[in-house]
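Chains as they are written, first to last, in my numbering: chain A, 1 to 335; chain B, 1 to 243; chain C, 1 to 277; chain D, 1 to 414; chain E, 1 to 234.
Think of the hints as simulated: they come from the structure by calculation, not from any bench.
Keep in mind that this is a model prediction, so the values were computed, not measured.
A portion of the hints provided could be inaccurate.
In the DSBU-like style, the derived pairs of lysine-lysine whose C-alpha atoms are separated by at most 30 Å in a straight line are [to be verified]:
{"#": "1", "chain 1": "B", "residue 1": "Lys182", "chain 2": "A", "residue 2": "Lys188"}
{"#": "2", "chain 1": "A", "residue 1": "Lys156", "chain 2": "D", "residue 2": "Lys153"}
{"#": "3", "chain 1": "E", "residue 1": "Lys229", "chain 2": "B", "residue 2": "Lys182"}
{"#": "4", "chain 1": "D", "residue 1": "Lys178", "chain 2": "D", "residue 2": "Lys205"}
{"#": "5", "chain 1": "D", "residue 1": "Lys310", "chain 2": "D", "residue 2": "Lys178"}
{"#": "6", "chain 1": "D", "residue 1": "Lys179", "chain 2": "D", "residue 2": "Lys287"}
{"#": "7", "chain 1": "D", "residue 1": "Lys374", "chain 2": "D", "residue 2": "Lys62"}
{"#": "8", "chain 1": "D", "residue 1": "Lys62", "chain 2": "A", "residue 2": "Lys83"}
{"#": "9", "chain 1": "D", "residue 1": "Lys374", "chain 2": "D", "residue 2": "Lys153"}
{"#": "10", "chain 1": "A", "residue 1": "Lys83", "chain 2": "D", "residue 2": "Lys205"}
{"#": "11", "chain 1": "D", "residue 1": "Lys178", "chain 2": "D", "residue 2": "Lys153"}
{"#": "12", "chain 1": "D", "residue 1": "Lys395", "chain 2": "D", "residue 2": "Lys235"}
{"#": "13", "chain 1": "D", "residue 1": "Lys304", "chain 2": "D", "residue 2": "Lys278"}
{"#": "14", "chain 1": "B", "residue 1": "Lys157", "chain 2": "A", "residue 2": "Lys188"}
{"#": "15", "chain 1": "A", "residue 1": "Lys31", "chain 2": "D", "residue 2": "Lys110"}
{"#": "16", "chain 1": "D", "residue 1": "Lys110", "chain 2": "D", "residue 2": "Lys395"}
{"#": "17", "chain 1": "A", "residue 1": "Lys188", "chain 2": "B", "residue 2": "Lys214"}
{"#": "18", "chain 1": "D", "residue 1": "Lys178", "chain 2": "D", "residue 2": "Lys395"}
{"#": "19", "chain 1": "D", "residue 1": "Lys83", "chain 2": "D", "residue 2": "Lys310"}
{"#": "20", "chain 1": "D", "residue 1": "Lys374", "chain 2": "D", "residue 2": "Lys83"}
{"#": "21", "chain 1": "B", "residue 1": "Lys157", "chain 2": "B", "residue 2": "Lys89"}
{"#": "22", "chain 1": "D", "residue 1": "Lys310", "chain 2": "D", "residue 2": "Lys153"}
{"#": "23", "chain 1": "D", "residue 1": "Lys395", "chain 2": "D", "residue 2": "Lys264"}
{"#": "24", "chain 1": "D", "residue 1": "Lys179", "chain 2": "A", "residue 2": "Lys31"}
{"#": "25", "chain 1": "A", "residue 1": "Lys31", "chain 2": "D", "residue 2": "Lys351"}
{"#": "26", "chain 1": "B", "residue 1": "Lys220", "chain 2": "E", "residue 2": "Lys229"}
{"#": "27", "chain 1": "D", "residue 1": "Lys316", "chain 2": "D", "residue 2": "Lys72"}
{"#": "28", "chain 1": "B", "residue 1": "Lys220", "chain 2": "A", "residue 2": "Lys188"}
{"#": "29", "chain 1": "D", "residue 1": "Lys351", "chain 2": "D", "residue 2": "Lys83"}
{"#": "30", "chain 1": "A", "residue 1": "Lys31", "chain 2": "D", "residue 2": "Lys153"}
{"#": "31", "chain 1": "B", "residue 1": "Lys143", "chain 2": "E", "residue 2": "Lys63"}
{"#": "32", "chain 1": "D", "residue 1": "Lys179", "chain 2": "D", "residue 2": "Lys213"}
{"#": "33", "chain 1": "D", "residue 1": "Lys316", "chain 2": "D", "residue 2": "Lys264"}
{"#": "34", "chain 1": "D", "residue 1": "Lys304", "chain 2": "D", "residue 2": "Lys316"}
{"#": "35", "chain 1": "D", "residue 1": "Lys179", "chain 2": "D", "residue 2": "Lys316"}
{"#": "36", "chain 1": "D", "residue 1": "Lys179", "chain 2": "D", "residue 2": "Lys371"}
{"#": "37", "chain 1": "D", "residue 1": "Lys321", "chain 2": "D", "residue 2": "Lys72"}
{"#": "38", "chain 1": "D", "residue 1": "Lys351", "chain 2": "D", "residue 2": "Lys72"}
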Amino acid sequence: MDKNFAARRRRDLIVAGALATLAALAPLFVKDVYVQNILILTLMYAALSQSWNILSGYCGQISLGHALYFGIGAYTTELLFTKFGVLPWFGMLAGGGIAALIAMGLGYPFFRLRGHYFVIATIVIAEIGLLLFQNWEWAGAAMGITIPVRGDSWLKFQFLRSKLPYFYFALGLCCLAWFVTWWLEDSKWGFWWRAVKDNPEAAESLGVVVFNSKMGAAAVSAFLVAVGGAFYAQFLAYIDPESVMGFQFSLLMALPAVLGGIGTLWGPVLGAAILIPMTELTRSYIGGSGRGVDLIVYGALIVAISLALPQGLVSLFSRAKAKNQVKNQVKGATR
Amino acid sequence: MTALLETRGVWQRFGGLVANSDVSISVGRGEIVGLIGPNGAGKSTLFNLIAGVLPPTQGSIWFDGEDVTNLPAAERCQRGVGRTFQVVKSFETMTVIDNVIVGALVRNTVMREARGKAHEVLEFTGLAARADVLASDLVPAEKRRLEVARALATEPKLLLLDEVLTGLTPTEAQTGVALVRKVRDAGITVLMVEHVMEIVMPLVDRAIVLDLGKVLVEGKPADVVRDPKVIKAYLGDRHAVGA
Amino acid sequence: MGLLYGLIAVGLALIFGLMDVTNFAHGEFLMIAMYLSFFLFAFFAIDPLLSAPLVAAAMFVFGAVVYLLIVRFAMRAKTNAGMVQIFTTFGLAIVMRGLAQFFFTPDYRSIPQSWLGGKTISFAGIFLPEPQLVGALVSIAAFAGLYFFIHRTDFGRALEATREDPGAVALVGIDKNRVFAFGWGLGAGLVGLAGAIMAVFFYIYPDVGASFALIAYVTVALGGFGSVFGAFAGGIIVGLVEAVTALMLPPSLKSVGIYAVYLLVVFIRPRGLFGSM
Amino acid sequence: MTISRRDVLLGATATAALVPLAARAQTSEVVIGVIYPFSGGSAQQGVDAQKAYETALEVINKDTDFDLPLAKGEGLPGLGGAKVRLVFADHQADPQKGRAEAERLITQEKVSAIIGTYQSAVAVTVSQICERYQIPFVSADNSSPSLHRRGLKYYFRAAPHDEMYSAAMFDFFDALKKKGTKIETLALFHEDTIFGTDSGNAQAKIAGERGYKIVSDIKYRANSPSLSAEVQQLKTANADVLMPSSYTTDGILLVKTMAELGYKPNAIVAQDAGFSEKALYDAVGDKLEGVISRGTFSLDLAQKRPMVGKINEMFKARSGKDFNDLTSRQFMGLIILADAISRAKSTDGEKIRDALAATDIPGEQTIMPWKRVKFDEMGQNNDADPVLLQYVGGKFVTIFPPQAAIAEAIWPMK
Amino acid sequence: MLSVHEITTAYQGLVAISAVSVEVTKGEIVCVAGANGAGKSTLLKSIAGAERPRSGTVTFDGKRLNGMAQHHITAAGIAYVPENRRLFPRLSVRDNLRLGSYLYRGEADREGPLDLVFELFPRLSERLDQRAETLSGGEQQMLAIGRALMTRPRLLMLDEPSQGIMPKLVDEIFQAVLRIRDAGMTVLIVEQRMAECLEIADRAYILQTGRVLMQGPAAEIKGNPDVRKAYLGL
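Using the sequences and the hints given, assemble the complete structure.
See the structure below:
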């Protein structure tokens with residue numbers, strides 16, 4: 001059994017490595033910038049969703065306010081860059097750090113809340129953040145911040161036409177988020193989080209410090225999301241509160257994980273790989289009609305997937321595994 | 001040598017309701033102590049106080065020679081208090097082995113060691129064949145055993161068992177009894193709540209009867225079941241004879 | 001205004017709070033109700049005040065059908081039922097918006113004239129716009145009715161029981177789907193009432209629900225899930241806080257006041273003001 | 001009304017859906033990208049814009065007898081009569097999506113130029129992308145002054161921006177004051193988006209320069225569920241003039257709330273947007289008798305220039321609406337852009353840019369009351385004179401500047 | 001009265017009971033016993049409609065039950081008290097009982113059986129306004145049986161009524177079962193405490209790994225040496 005387990009872990013790593021390599025080679029074949037753009041967004045949302053999944057999927061604290069951390073990452077990076085000339089690379093880390101600190105600060109009061117009360121509190125806090133930025137003159141308020149793009153530069157992480165550097169960064173971020181999840185999954189923290197999600201009281205009785213576990217998950221999750229936000233800001237070269245802190249980001253971070261399989265290693269990646277291209281393509285190719293058909297298709301797909309596969313798309317893959325499990329059960333029952 | 005566990009004049013009130021009043025009990029090292037009493041006598045509350053789910057309104061709790069009254073549950077677990085829940089609280093979305101690993105992580109921070117420990121405990125409790133099954137797919141009796149396994153994985157000095165033998169046929173219960181004995185033989189002190197007198201009385205070294213939040217009687221099982229106060233409050237006439 | 005929030009929230013309180021089903025399409029229910037009211041006015045010249053019961057009835061059917069066709073299945077999920085509900089109803093909301101745009105066009109509509117529109121009662125220097133006054137009265141009546149319904153009728157009891165344990169009501173011969181379909185119908189019907197009154201003084205377009213939905217959620221949570229009276233009180237508090245914040249802060253920040261009060265309340269009372277769950 | 005519109009729309013859907021499969025642009029065809037919100041809260045503007053562009057397309061591609069550039073003859077004479085084809089894209093008011101669509105249009109659809117976008121925030125990113133790909137971007141209807149001040153080479157705006165509009169308003173106030181009307185205090189009411197903020201800032205700045213007192217400056221959250229508290233404050237301030245900068249939705253709510261709370265200002269001078277929308281007047285027209293809005297277009301120009309009326313009829317046939325401030329700008333924007341492409345005799349971005357920079361169209365050859373169309377080095381047309389219109393008896397009448405006015409302002413409004 | 005004919009029920013791909021047949025005659029107390037996982041609870045669930053049998057038939061007074069929705073089966077006269085009782089924890093004792101008579105809400109005297117419930121379990125009448133969740137385990141079991149009686153069943157099915165209950169109350173509950181039978185109802189009971197159960201039962205079935213191992217009059221089963229060894233631990 002131990003062997004099985006180790007083999008599964010190794011197999012996950014190998015599959016991920018293969019996928020990452022495949023993805024890294026994709027630009028050799030995909031020259032179309034529009035498609036590249038979709039790939040970048042897909043990778044970015046996969047990374048964001050993977051990060052969201054740490055807190056909400058593994059630790060069970062459903063947050064619909066992660067746009068706050070996304071926005072903080074974006075704003076920290078760009079404010080530091082435009083006001084103080086700090087390179088985005090440092091801004092990114094600073095943004096991540098600040099987001100993690102805020103997540104922990106918010107954790108103190110928030111983690112006492114349960115269920116809907118918690119979810120609504122996360123929505124509300126992100127909304128407050130949005131309103132504050134919308135009215136914060138120094139940070140550009142509603143006008144946002146336009147990032148001066150002066151030509152290709154790795155140092156400033158900006159590129160005029162080439163999407164490749166962004167692509168590789170997004171890929172890297174996605175791999176990082178995946179790897180962090182993979183690593184945490186078989187660590188004390190990973191076990192603690194899942195225990196806290198399933199039954200905090202029992203977890204506490206087994207020596208799990210529930211509160212600290214939640215804090216840890218929140219910090220890791222917020223940090224990664226903020227780095228994603230910083231990336232998005234650099235990628236877009238323009239930010240305003242609505243476009244980096246709006247509620248839609250919170251949803252878009254959660255959706256891939258939910259569709260793919262919440263609290264699973266592969267769910268977010270799988271969900272993003274299907275959802276994001278679908279969103280983009282329905283908008284691009286049927287959105288121009290002005291008749292809302294794209295919305296109908298998009299919404300109906302979400303409903304259909306939620307209803308048909310409540311465990312997410314990964315459950316399709318685990319069918320085979322489930323069969324094995326039944327076999328084990330039979331063995332166990334007839335023992 | 002001091003007792004492993006001692007409660008000194010413990011009170012617990014919930015609003016106007018008094019769940020425990022002035023409960024002082026002690027459990028010595030290596031003992032199996034049975035805690036019995038009518039439903040609602042405050043047994044579960046006392047368990048929760050000992051496990052640290054909530055602090056007592058008044059009084060103190062001493063474990064292993066130290067005052068642990070104000071320590072949270074997780075900290076008490078680290079010091080060696082393991083417990084099961086009357087209403088089974090497995091981690092439903094995790095497999096059996098993963099459930100046990102959570103417990104094992106208290107003493108083993110290296111994953112490989114924790115996993116090894118968990119396998120060991122599953123063997124010990126006879127759940128090894130079910131290691132990779134989701135906890136939600138276990139039948140109730142297995143879930144109770146999982147509760148015990150999980151608590152054992154924390155390598156406790158004191159194990160609090162809350163109705164783990166409930167709902168078993170007499171034969172099955174015998175296996176359970178054997179397991180509890182095995183646990184004690186491994187050097188773990190056991191404090192257990194149980195209703196099925198036929199099973200629990202031969203097993204325990206000492207029985208404590210709670211009624212209306214107070215200690216009613218305490219002593220050797222044979223004496224306890226003959227105590228008229230116990231018969232009146234708890235056993236009813238028939239069982240007094242039966243036991 | 002607070003009572004109007006309360007009226008919008010009460011339907012949600014029923015679905016979200018009393019049946020413990022997340023409904024992210026609540027704002028869209030409101031939108032549909034407003035359109036219904038608009039079309040009844042535009043084609044048959046029925047004043048929104050008169051059409052309110054019609055709209056409520058139509059919405060009742062709509063809500064029940066939505067439950068039976070979609071939500072029922074979302075509730076069957078064994079694991080992460082919460083997320084499945086959130087995203088099913090969220091998807092539903094998007095579909096409803098799309099359909100509204102498809103059939104009603106994205107044009108802004110509004111009802112120019114009605115018996116109530118634009119009339120104001122001046123009372124000791126305080127102006128009370130009639131539509132909102134009527135809204136407030138309807139809202140109070142709706143709350144009273146719902147309160148009575150939940151606490152004094154067998155059906156209300158059955159609803160509570162079904163929320164507590166949907167699997168167990170069959171043990172006493174209750175069909176949970178009928179109870180919940182009725183509950184959803186009632187919730188949607190109440191939103192229908194709100195929509196009809198809103199239509200008098202608000203503009204109507206496919207995305208109109210979004211601005212109200214969040215406030216409605218906050219209102220329900222502030223009052224506490226599972227409490228009709230809580231939603232009522234929540235509505236009043238939200239209205240008051242909004243008015244007060246608008247005086248103290250730049251008006252663009254007035255919602256911050258509402259949100260802050262929500263956070264404050266749940267930090268002190270994690271189950272809202274009157275919540276039981 | 002819906003049936004005929006739906007048919008038109010169906011045609012558009014089919015085109016839009018098939019477009020990506022079509023062969024890339026040949027010389028016989030020039031492709032122009034049109035980026036608007038076609039879903040979400042401002043979908044109506046997108047759909048209206050679509051009709052305006054289709055009207056312009058008809059003028060360009062068919063032989064029509066108007067005194068407009070490209071009207072006569074079919075297609076673009078500079079490119080041997082090549083036809084213009086439009087590709088519509090939906091940005092859903094999201095700068096990221098606008099950017100992605102711009103990039104898609106440029107690289108996949110091979111558009112020669114892009115026109116858009118209604119929301120200013122989206123114009124920011126779309127124009128950035130155009131700059132990077134050296135494709136001209138014509139900002140048809142964005143009025144935020146900050147847009148052209150970013151040093152972009154490929155950005156062009158034929159229409160006025162909010163500072164020009166605001167200046168016109170204050171010119172108007174100054175003129176009234178000379179005649180003895182009392183205008184001292186102003187109340188600003190603007191939403192918290194780029195448009196509202198820019199407009200509010202411009203008005204505040206000019207008011208300060210010209211000695212008007214702002215007694216209330218209210219920034220409110222766009223699409224609020226309620227504006228009662230805000231209107232209460234306006235009422236308390238009771239300024240001589242109320243100057244709202246709001247989109248349609250908030251405009252409707254503002255006017256209705258004002259009526260409910262019994263607030264009747266002396267005058268409302270609006271920063272266009274919602275206040276030029278038919279929907280607003282359909283909803284609350286009776287309460288807006290005498291409201292003044294800035295604009296760049298007025299139908300009564302048809303009295304002087306008959307073609308304005310005829311083109312308006314063409315538009316009306318498609319949309320069921322009259323031209324308004326937005327749709328007229330969109331119409332004109334495409335004409336100007338297509339004219340430049342024709343003169344560039346090329347579909348190359350840089351050549352079109354140069355042709356645009358060299359544009360000089362006299363005002364008479366537009367449907368707008370502008371002096372002429374000529375871009376400065378920042379791509380802004382400073383000769384696009386705004387007008388002030390007053391809503392009287394169910395339609396707009398030009399009241400300012402004097403050379404365009406056909407009636408005197410009614411002041412106070414009721 | 002109740003006739004279960006060769007039903008097979010499975011969940012998650014595992015067969016829990018296969019081809020089990022059980023007969024219950026009017027006025028009987030029938031006990032079903034067996035080890036954990038033998039399929040006793042599944043049998044009751046299959047009759048009550050909480051699980052759908054894959055094959056076989058369940059008929060009650062000549063009416064075929066399988067395929068019917070669970071609430072219709074309740075309405076047909078079978079009351080089922082599941083193992084975990086499934087009370088409405090946040091509702092009062094009174095409301096729990098009232099919900100029991102939900103099917104008769106149109107009737108003037110809808111709470112007819114209430115007297116019987118209070119007679120059987122006098123302590124419930126003292127706790128009418130308490131929330132069900134604040135009752136002790138034994139009282140909850142009484143309430144669950146009481147609620148089931150309020151549906152005016154002809155057949156009452158109890159799943160492990162003695163589980164987790166102190167000895168004194170176990171007796172009370174078994175006595176109550178006898179009285180319920182005397183009041184004209186039929187009882188099908190699944191029990192772990194076979195000794196006590198066989199004492200009050202008329203007939204008994206023993207299930208093992210999903211099949212009927214043995215059946216017959218209770219006294220006979222109790223005397224069977226194999227049973228004594230395997231199940232009674234004697």
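Now for the hints, and whether the structure bears them out:
1. Lys182(B) with Lys188(A): Between lysine 182(B) and lysine 188(A) the Cα gap is close to 29 Å, so the pair holds against 30 Å.
2. Lys156(A) with Lys153(D): 23 Å, holds
3. Lys229(E) with Lys182(B): Answer holds: lysine 229(E) to lysine 182(B) is near 23 Å, not above 30 Å.
4. Lys178(D) with Lys205(D): Within the cut-off at roughly 21 Å; holds.
5. Lys310(D) with Lys178(D): Distance ~38 Å between lysine 310(D) and lysine 178(D) Cα, so the pair is violated.
6. Lys179(D) with Lys287(D): 27 Å, holds
7. Lys374(D) with Lys62(D): 26 Å, holds
8. Lys62(D) with Lys83(A): 52 Å, violated
9. Lys374(D) with Lys153(D): 15 Å, holds
10. Lys83(A) with Lys205(D): OK: lysine 83(A) and lysine 205(D) at ~24 Å, within 30 Å.
11. Lys178(D) with Lys153(D): The given pair, whose Cα atoms are some 42 Å apart, is violated under the 30 Å limit.
12. Lys395(D) with Lys235(D): 27 Å, holds
13. Lys304(D) with Lys278(D): Given that 30 Å is the threshold and the Cα spacing comes to 23 Å, the pair holds.
14. Lys157(B) with Lys188(A): 22 Å, holds
15. Lys31(A) with Lys110(D): Measuring from Cα to Cα gives roughly 14 Å; hence the hint holds.
16. Lys110(D) with Lys395(D): Not OK: lysine 110(D) and lysine 395(D) at ~42 Å, beyond 30 Å, violated.
17. Lys188(A) with Lys214(B): Since the Cα atoms of lysine 188(A) and lysine 214(B) sit roughly 41 Å apart, the hinted pair is violated (cutoff 30 Å).
18. Lys178(D) with Lys395(D): 27 Å, holds
19. Lys83(D) with Lys310(D): Holds, because 22 Å separates the two Cα atoms, which is no more than 30 Å.
20. Lys374(D) with Lys83(D): Cα-Cα ~25 Å, so holds.
21. Lys157(B) with Lys89(B): 21 Å, holds
22. Lys310(D) with Lys153(D): 35 Å, violated
23. Lys395(D) with Lys264(D): 20 Å, holds
24. Lys179(D) with Lys31(A): Violated: lysine 179(D) and lysine 31(A) sit about 66 Å apart, past 30 Å.
25. Lys31(A) with Lys351(D): Roughly 26 Å separates the two Cα atoms, so the pair holds.
26. Lys220(B) with Lys229(E): It holds: about 28 Å lies between the C-alpha atoms, which stays within 30 Å.
27. Lys316(D) with Lys72(D): 21 Å, holds
28. Lys220(B) with Lys188(A): Status violated; Cα separation ~43 Å.
29. Lys351(D) with Lys83(D): Within the cut-off at roughly 18 Å; holds.
30. Lys31(A) with Lys153(D): Holds: lysine 31(A) and lysine 153(D) sit about 27 Å apart, inside 30 Å.
31. Lys143(B) with Lys63(E): Violated: lysine 143(B) and lysine 63(E) sit about 38 Å apart, past 30 Å.
32. Lys179(D) with Lys213(D): Satisfied, since the Cα-Cα distance of roughly 19 Å is no more than 30 Å.
33. Lys316(D) with Lys264(D): 33 Å, violated
34. Lys304(D) with Lys316(D): Satisfied, since the Cα-Cα distance of roughly 20 Å is no more than 30 Å.
35. Lys179(D) with Lys316(D): Roughly 39 Å separates the two Cα atoms, so the pair is violated.
36. Lys179(D) with Lys371(D): 26 Å, holds
37. Lys321(D) with Lys72(D): Distance of about 25 Å is within 30 Å: holds.
38. Lys351(D) with Lys72(D): 23 Å, holds
Consistency note: the structure conflicts with the earlier hints numbered 5, 8, 11, 16, 17, 22, 24, 28, 31, 33 and 35.
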